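These protein sequence lines are chains W and A, in that order. Read in this note's numbering, the first sequence has 231 at position 226, and its numbers run on one by one without any break. Read in this note's numbering, the second sequence has 415 at position 267, and its numbers run on one by one without any break.
Quick caveat, the hints were computed from the structure, so don't treat them as lab data. One thing to keep in mind: the hints can contain errors.
[To be verified] Examples of chain A residues lying across from chain W (beta carbon under 8 Å, computed):
#1 VAL175
#2 TRP230
#3 PRO254
#4 THR255
#5 VAL356
In this text the structure is predicted, and so the values were computed from the model without any measurement. Ideal Cβ placement from N, Cα and C applies to all residues, glycine included.
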Amino acid sequence: MSSVTLSASASANAARRGNVLGRRLLIISAWLVFVLFLLLPLFIVLSEALKHGFGTFFGAIFEPDAISALKLTLLAVGISVPLNLVFGVAAAWCVSKYEFRGKSLLVTLIDLPFSVSPVIAGLIYVLLFGAQGFFGPWLREHDIQIIFALPGIVLATVFVTVPFVARELIPLMQEQGTQEEEAARLLGANGWQMFWHVTLPNIKWGLIYGVVLCTARAMGEFGAVSVVSGHIRGYTNTLPLHVEILYNEYNHVAAFSVASLLLLMAVFILLLKQWSESRINRLKASAGEE
Amino acid sequence: MSRRTSPVIPGFGLTLGYTLVYLSLLVLIPLGAMFVHAAQLTWAEFWAIISAPRVLAALKLSFATAFAAAVINGIIGTLLAWALVRYSFPGRKVIEAMIDLPFALPTAVAGIALTALYAPSGLVGQFATDLGFKIAYTPIGITLALTFVTLPFVVRTIQPVLADIPREVEEAAACLGAKPLQVFRHVLLPALLPAWLTGFSLAFARGVGEYGSVIFIAGNMPMKTEILPLLIMVKLDQYDYTGATAIGVLMLVVSFILLLLINLLQRQIAKS
Numbered sequence: 006m007s008s009v010t011l012s013a014s015a016s017a018n019a020a021r022r023g024n025v026l027g028r029r030l031l032i033i034s035a036w037l038v039f040v041l042f043l044l045l046p047l048f049i050v051l052s053e054a055l056k057h058g059f060g061t062f063f064g065a066i067f068e069p070d071a072i073s074a075l076k077l078t079l080l081a082v083g084i085s086v087p088l089n090l091v092f093g094v095a096a097a098w099c100v101s102k103y104e105f106r107g108k109s110l111l112v113t114l115i116d117l118p119f120s121v122s123p124v125i126a127g128l129i130y131v132l133l134f135g136a137q138g139f140f141g142p143w144l145r146e147h148d149i150q151i152i153f154a155l156p157g158i159v160l161a162t163v164f165v166t167v168p169f170v171a172r173e174l175i176p177l178m179q180e181q182g183t184q185e186e187e188a189a190r191l192l193g194a195n196g197w198q199m200f201w202h203v204t205l206p207n208i209k210w211g212l213i214y215g216v217v218l219c220t221a222r223a224m225g226e227f228g229a230v231s232v233v234s235g236h237i238r239g240y241t242n243t244l245p246l247h248v249e250i251l252y253n254e255y256n257h258v259a260a261f262s263v264a265s266l267l268l269l270m271a272v273f274i275l276l277l278k279q280w281s282e283s284r285i286n287r288l289k290a291s292a293g294e295e
Numbered sequence: 149m150s151r152r153t154s155p156v157i158p159g160f161g162l163t164l165g166y167t168l169v170y171l172s173l174l175v176l177i178p179l180g181a182m183f184v185h186a187a188q189l190t191w192a193e194f195w196a197i198i199s200a201p202r203v204l205a206a207l208k209l210s211f212a213t214a215f216a217a218a219v220i221n222g223i224i225g226t227l228l229a230w231a232l233v234r235y236s237f238p239g240r241k242v243i244e245a246m247i248d249l250p251f252a253l254p255t256a257v258a259g260i261a262l263t264a265l266y267a268p269s270g271l272v273g274q275f276a277t278d279l280g281f282k283i284a285y286t287p288i289g290i291t292l293a294l295t296f297v298t299l300p301f302v303v304r305t306i307q308p309v310l311a312d313i314p315r316e317v318e319e320a321a322a323c324l325g326a327k328p329l330q331v332f333r334h335v336l337l338p339a340l341l342p343a344w345l346t347g348f349s350l351a352f353a354r355g356v357g358e359y360g361s362v363i364f365i366a367g368n369m370p371m372k373t374e375i376l377p378l379l380i381m382v383k384l385d386q387y388d389y390t391g392a393t394a395i396g397v398l399m400l401v402v403s404f405i406l407l408l409l410i411n412l413l414q415r416q417i418a419k420s
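If we strip away everything but chain A, and leave its shape as in the complex, we get (with noise of 0.2 Å):
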């Protein structure tokens, strides 16, 4: 294990020592005593518990809304973006700076701002019940939370890397007749989008896991409202260790799976 290019400098073995260590002793043999607890189960039982109407209905509900925060992100990141490295305009050092808010901000204080927001009988969210419908307590309003608290990665991906592309080359492609369109889909487009797909699987990995900005404006209700991390917590107060954790596992396999897929995609893209 060491090849290493600059043996004058010392320090391989205590860092790279003390770096496994740490990451084995919090994160890995943690994580592994997850699965050592989920293998006590048989498989009739641990498919018993993943495909109770319950948890499956929790398992669309997360991934169907982190997957709609991750896209509407993947928009108004871009434009974000956009607007921020293109042009240089009134409040935009200002825009810049709070782009980060959500991450700054804790979760639960974000949560019952949005509620606050987007109830019934709120500041927004009685516009939404003059026109007869309902965001907080709904699908809807848990897609809100998590495209609140994810919509810095986005931004934050692409905005080095449209800054990087030189206007010249989009200018060349628009002096050579191209339409705006085709200077898009053949200039801009390939050179973001493998930056815009790392923003997009950061945003929506930390969507399906989020509990804190959701619990608040979800409502909870059981089948309808209820994501997946509070049907673990939900577990937990009953002691119901073993279904909290298959349905950890099952978040876990399922989240990882998707990320690599992304992985793929994306090495894909790279590749051609």
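If we strip away everything but chain W, and leave its shape as in the complex, we get (with noise of 0.2 Å):
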């Protein structure tokens, strides 16, 4: 008998040496993948930003045609934001709080904008708002622009962050169901009523957590606006097509520098993410606590 526990202590030890064998190298690999995939690019950005100083940096940062690239993406990312958070919120609602014929499909149709290239939402635009495209004619006629200005671009941009908002409220709000807001109209609250003080402050969490990650999607979008927007500087030039311009003159220090403006975007849109995730979290486990 004590043949077999030795045996038996003898075979947990070694398993246990191993999982701390496991255990490091799955740490140290998460490390490395962290610092050589995930730092080193944000470094590099910024150290070949400031490769000949601030000078040169904010010079870049605060040429006009740098803010006016900046401006144009604030006001895409103004309307389209807005636009798919709507969308979001209708979506998520029929989808969560009733059963019809459909439903299943109607989830891939929303979820469809993530697996078509970016490049073939710009080209889908171009054909029928394009001067060769099928609304051509008739845009010319009255002088109306798409092609090439900001409706193109901001088209565009909510194809691609279409699904965002969406996909964040179906689950939260399948999860919840429908008991508070029954309640709220048994109780004699009308359909805005409800709105307002049963569900929104429920979603409010996801709902910023879904906008937070459309944002970040529309700030930086490149394939798809680079085709519908014709690169005319301090018109209809984005921040992220004026580092692919910039770099493509081999004005590598300034097409950093706008990097590093978009990258610092980036980061604060993380800690947003970040902070938005700890509040759900939070919720949950309060939720389960009751």
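Quick one: dock chain against chain with the hints and give me the complex.
Written as structure tokens, this is what we have:
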């Protein structure tokens, strides 16, 4: 009997030793991936941007073309994110609160833009609204420009970011069910009161999380916007496109300076994301305790 | 279409209607327009465009590099998710927060940063040069860029599943005499595989269509390092809308067939 326990404890020891080794290896490889793959690119952007000191760095950022690119990026984000926010709430509402035929098809369609190449997203709008497109002649007659102008940039940005808010809200609202809303209705609340006072507080953090992800993508979108923008400096150039132009002109320091501005925005977005995520987890934890 | 379960809650017609109109106007009709445009071609013309050597080379390159990147992420992502879920170690929270960096960072920024690192004279690329090979301006560079931009997919889909598997299950299997590999094969793999495949297919789909991060590091040599989305761009710059449309249709059809296959595989696994 004792030999059995001995061999059992020996194999348990061996397993534990193996576990410790595996654990160390995994932690080290996690660190390696983090440093080599995530930190190093950040480092290179900042170091290339500051190669010639702060003077050239700020010079590149405050140059008029860069400022107008920043304004255009913020404007495109400012229009497309609210559009997708309203869409996301409406889509999540009908998917999570009701049962109807074709629901899984609808969810697939909402996710569709994720599996379409951004370049194709730009292409389809050129085919519709470009000079040779379906509506091209009509638009020209009425002197409306969509492609190579702000509306095209907004359309392309909206297309690639359609799913973000809806995707975050659907699982959250399905989990929460319909009881609280039903109670509000039975107590005499009308539709809007129910939405503002019951639903919105419940989905607030998930909504913020979705908006943050949507903003990140909208701000950095390159392929789709590149097709529809026409790259007119100072007019239809967004920040990521401005980086490309500077880079292709071998103006690397300026390209990396503008890139580090985008990098800072990305890090800020990550912080916001982390914050809203921790609020969601706290809400879930407190819901679990009840 | 209206079999609602909670007739008390208002807004079904409004929200469904809005969702359908919005999706139709912005996504479905424009995508449909591309297929209508492509339908103006005869089969022979369509075939002539997509069977051009340059298109086939780009097609192979795009799908091969996206597949390779998804496989690499399938491995790295599983290891990362494992370390983040199962162990607490110094810096875990920072790594956890930074995993999503590739999603937050504009792809053009990622593209020029990776090029600066892996170009033959770059910080990392010079070591490769010493060893006698090139990373940037080759398919290896493209795979690297795709691996970077799709890194979070597998980690993020596996993490919650891994967190939900109670450790006791593995310990019980180990106590019953299962070796670590057996535990992995019979306990963890069946539980993780559906999520893993979801992460894999998300990464793959994104990789096939990715443009911004790739064009800087690819070198964009026709027949060698030219990806399919770039070829669409090239055709558009030449005002060859028909050519661009045909390639776009080809790309969508091939990706949907592949995603459908992955989906079927997933259902098969869920059944067994």
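So, going through the hints one by one against the coordinates:
1. VAL175: 6 Å, holds
2. TRP230: 6 Å, holds
3. PRO254: 3 Å, holds
4. THR255: 5 Å, holds
5. VAL356: 7 Å, holds
Of the hints listed earlier, there is not a single one the structure fails to meet.
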